[in-house]
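Colleague: Sequence:
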Amino acid sequence: MTQTQLILLNFTEIRRRSTLLWKALPEEFYGWKPDNSAMTALEMIRHVLQADYGWNRIISRADMSQYKTPWQGRPLISVADELEFAKPYREEFLNTIKQFSDHELANTEIIHPGNGEKKMLGQYLLRIGYHESVHAGQFLSYLRAMDVERPKIWD
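The working numbering applies: residue 4 is where the sequence shown begins, and numbers increase by one.
These aren't lab readings, by the way, just hints derived from the structure by calculation.
Some clues are possibly wrong.
Below, in silico cross-link-like pairs of lysine-lysine (DSS-like), each with a Cα-Cα straight-line distance of 25 Å or less [said to hold, decoys possible]: (1) K121 <-> K71; (2) K101 <-> K122; (3) K71 <-> K90; (4) K155 <-> K26; (5) K90 <-> K101; (6) K155 <-> K90; (7) K36 <-> K155; (8) K90 <-> K121; (9) K71 <-> K122; (10) K90 <-> K26; (11) K26 <-> K36.
None of these values were measured; they are calculated from a predicted model.
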């Protein structure tokens with residue numbers, strides 16, 4: 004298995020687990036949040052899903068100066084709607100990653116536009132997976148606080 008294949012497997016497994024969690028969210032809790040400064044449950048799902056679009060632009064070295072997400076102005080409707088809308092952007096993101104060689108993963112420098120930090124592409128991709136994993140942990144705590152049954156994701 005190549006490094007790219009391992010990274011793709013990691014992304015696929017993280018998203019599979021996130022999706023299990025998100026689909027466990029009852030509609031009556033879409034707007035729930037633990038405090039006034041937190042994202043709602045549905046906002047957190049959107050945050051993770053729309054990040055794929057931004058990540059793809061960053062790793063493709065697209066101009067981020069006029070960045071606009073396709074989700075901008077789109078109403079939050081449901082978990083299913085968010086997942087469906089995100090599909091083509093997820094596919095595009097994963098297809099971009101499929102193109103990277105081991106050499107590119109080790110030698111391509113990525114500068115994160117939000118903070119100017121520099122990382123090699125492979126390390127940057129692993130950090131992207133970590134971002135979603137952190138939010139999966141947050142979402143588990145949301146479900147616990149809502150007293151909603153949490154799906155088994157530790158298979």
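Colleague: Against each hint, give a clear statement of whether it holds in the structure.
Modeller: The hints, checked one at a time:
A hinted pair counts as satisfied when its Cα atoms are at most 25 Å apart, and K121 with K71 qualifies at roughly 22 Å. For the suggested pair K101 and K122, the alpha carbons sit about 19 Å apart, so the restraint of at most 25 Å is met. Simply put, K71 and K90 have alpha-carbon atoms about 18 Å apart, close enough for the 25 Å limit, and the pair holds. With a CA separation close to 12 Å, the supplied pair K155 and K26 stays within the 25 Å bound.
A C-alpha spacing of about 17 Å is found between K90 and K101, which places the hinted pair at or below 25 Å, so the restraint holds. Among the hinted pairs, K155 with K90 is consistent with the structure: their alpha-carbon atoms are about 24 Å apart, no more than 25 Å. Restraint check: the Cα-Cα separation between K36 and K155 comes to about 22 Å, which is no more than 25 Å; the hinted pair holds. For the suggested pair K90 and K121, the alpha carbons sit about 29 Å apart, so the restraint of at most 25 Å is broken.
Note on K71 and K122: the hinted pairing holds, with a Cα-Cα distance of about 23 Å set against a maximum of 25 Å. Taken as a hint, the K90 and K26 pair is honoured in the structure, with Cα atoms around 15 Å apart against an allowance of 25 Å. Between K26 and K36 the CA atoms are separated by roughly 17 Å; this keeps the pair inside 25 Å, and the hint holds.
Checked against the numbered hints given earlier, the structure breaks only hint 8 and satisfies all the rest.
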